[in-house]
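Q: The primary structure of each chain is shown beneath.
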Amino acid sequence: MTTPEVHTLTGPYVLNALPEDERIGFEAHLADCQSCSSEVAELREAANKLGTAVATEPPPALKARILAEIATIRQLHPLVRQEEPVAPQPPAVKKGYTRRSFFGLAAAGLAVAGAGAIAIDQYRDNSRTTKENEQLAALLAESDAQMVRGDVKGGGNATVVMSPSKDRAIVLLHGLQKLPNGKTYQLWLMDKSRTMHSAGLASGQATDQAKLIQGGVADKIYFGLTVENLPGSPTPTLPPAALIAMA
Amino acid sequence: MSEESTALPWPVMVDPEAGTPADLMARVARGDSAAFAQLYDLMAPRVYGLIRRVLRNPAQSEEVTQEVMVEVWRTATRYDADRGSLTSWILTMAHRRAIDRVRSEQSSTDREQAVAAASSTTEYDEVAETVTTNLEVEQVRHCLSALTELQRESVTLAYYGGYSYREVAELLDAKLATIKARMRDGLIRLRDCLGVTGR
Ligand SMILES: [Zn+2]
Chain A
1 MTTPEVHTLT GPYVLNALPE DERIGFEAHL ADCQSCSSEV AELREAANKL GTAVATEPPP
61 ALKARILAEI ATIRQLHPLV RQEEPVAPQP PAVKKGYTRR SFFGLAAAGL AVAGAGAIAI
121 DQYRDNSRTT KENEQLAALL AESDAQMVRG DVKGGGNATV VMSPSKDRAI VLLHGLQKLP
181 NGKTYQLWLM DKSRTMHSAG LASGQATDQA KLIQGGVADK IYFGLTVENL PGSPTPTLPP
241 AALIAMA
Chain B
1 MSEESTALPW PVMVDPEAGT PADLMARVAR GDSAAFAQLY DLMAPRVYGL IRRVLRNPAQ
61 SEEVTQEVMV EVWRTATRYD ADRGSLTSWI LTMAHRRAID RVRSEQSSTD REQAVAAASS
121 TTEYDEVAET VTTNLEVEQV RHCLSALTEL QRESVTLAYY GGYSYREVAE LLDAKLATIK
181 ARMRDGLIRL RDCLGVTGR
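Protein chains in written order, with the numbering used here: chain A, 1 to 247; chain B, 1 to 199.
Just so you know, these hints were derived from the structure itself, not from any lab. There may be inaccurate statements among the hints.
As the list claims (entries may be wrong) - Below, computed lysine to any residue pairings styled on SDA-like, alpha-carbon distance capped at 25 Å:
id: 1; chain 1: A; residue 1: Lys-153; chain 2: A; residue 2: Lys-63
id: 2; chain 1: A; residue 1: Lys-178; chain 2: B; residue 2: Leu-86
id: 3; chain 1: A; residue 1: Lys-63; chain 2: B; residue 2: Ala-37
id: 4; chain 1: A; residue 1: Lys-178; chain 2: B; residue 2: Val-137
id: 5; chain 1: A; residue 1: Lys-178; chain 2: B; residue 2: Thr-87
id: 6; chain 1: A; residue 1: Lys-178; chain 2: B; residue 2: Ala-37
id: 7; chain 1: A; residue 1: Lys-192; chain 2: A; residue 2: Asp-167
id: 8; chain 1: A; residue 1: Lys-63; chain 2: B; residue 2: Arg-78
id: 9; chain 1: A; residue 1: Lys-63; chain 2: B; residue 2: Glu-67
id: 10; chain 1: A; residue 1: Lys-63; chain 2: B; residue 2: Val-70
id: 11; chain 1: A; residue 1: Lys-63; chain 2: B; residue 2: Leu-172
id: 12; chain 1: A; residue 1: Lys-63; chain 2: B; residue 2: Thr-87
Next comes chain A alone, as it looks inside the complex (with noise of 0.2 Å):
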């Protein structure tokens, strides 16, 4: 996706008119070429135009419907980083896992963002680099980087991209099964002694979405994946949605 011809692709990115592949490999040249993106930005709001040229009034009735609805919705909560150690317990799998090229993982990362889940950006693509995107790009650019995958059980899978040098992982979690209320994802990681530390907690609600793990990764043998109680469990319960070797 670096041929030149690539640049021509916002018009039809902003009209909404690229098939999904394209659209996902669009995305992920976005991430690096700051002159689609601020082009994406501004071919945006003269598009939006169009819709708002076209403006209607709805139906009355259709206000009390959605006034109605949303006070049965639960607003996400705003973005913030989180943290959180605790201990014990091991299980013991080794699973298969996959590499793939850096591109194919940055378009991975763009498609979870895209999905809105953790509002990577709140356009699906990348007007303005946001720390995640930067992040996973610092990331992948680490002579260390290292990825792998794995199913999830109840469907989707689990990508984690890491570099042990800087301590760090990003976990893409897409297409996960939704939980019931009260359930939630939580994250761990096994090291060699086979104990288990909670790595924070992912939406039971979200089917896709991106962690930042910050520190304590780079001696981890196993990414974990479990199904818990709110507000999350210091040990895991077994056996876990996945398990995947990460060395």
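We have chain A already, so just place chain B with the ligand on it with the hints.
A: Below, chain B with the ligand alone, put in the same frame as chain A:
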């Protein structure tokens, strides 16, 4: 009496687009449903109008409008004013939802209706029932007419008709690369004519 004391203050020009929506949005993000009701009044006509333009079916359009407005409520904390206007954020969401709906329901009848709808895209037949200021509509109409035929068709077939660039190329019997380029330079010309900026 001096002149100063009798002078009336300058009338304050209140731009409904300036300040207010962002303030409203900050309150919405804190769970203020009264603010959401105000935001609804401001945005729903644009959201509904756009969706209706793309989908044509009134019942479906209401349904998708509801999805979008509820999503605005749900994700209000994630809106970042530094990254684009509120209108753009919401309309982008609305357009995407409408397009997703078009793509997921591509039955042949839907497609036929869409073709019929798309062929009238530059006529603005619904202007009479719109609530947008005439000036805005006039501007868009004027700027669209400043595009070349191929630019205009490419942009409107995609935006209002919900066609992918491949479908547009097919409909207009043009090369894929040509259509991609016309969508881009058409929008660039539109941007320059409308004088909009990215943020
Ligand atoms: Zn580019």
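Q: Determine for every hint whether it applies to the structure shown.
A: Against the structure, the hints come out as follows:
{"no.": "1", "hint": "A/Lys-153 to A/Lys-63", "result": "violated (40 Å)"}
{"no.": "2", "hint": "A/Lys-178 to B/Leu-86", "result": "violated (29 Å)"}
{"no.": "3", "hint": "A/Lys-63 to B/Ala-37", "result": "holds (8 Å)"}
{"no.": "4", "hint": "A/Lys-178 to B/Val-137", "result": "violated (43 Å)"}
{"no.": "5", "hint": "A/Lys-178 to B/Thr-87", "result": "violated (30 Å)"}
{"no.": "6", "hint": "A/Lys-178 to B/Ala-37", "result": "violated (30 Å)"}
{"no.": "7", "hint": "A/Lys-192 to A/Asp-167", "result": "holds (16 Å)"}
{"no.": "8", "hint": "A/Lys-63 to B/Arg-78", "result": "holds (23 Å)"}
{"no.": "9", "hint": "A/Lys-63 to B/Glu-67", "result": "holds (12 Å)"}
{"no.": "10", "hint": "A/Lys-63 to B/Val-70", "result": "holds (11 Å)"}
{"no.": "11", "hint": "A/Lys-63 to B/Leu-172", "result": "violated (39 Å)"}
{"no.": "12", "hint": "A/Lys-63 to B/Thr-87", "result": "holds (18 Å)"}
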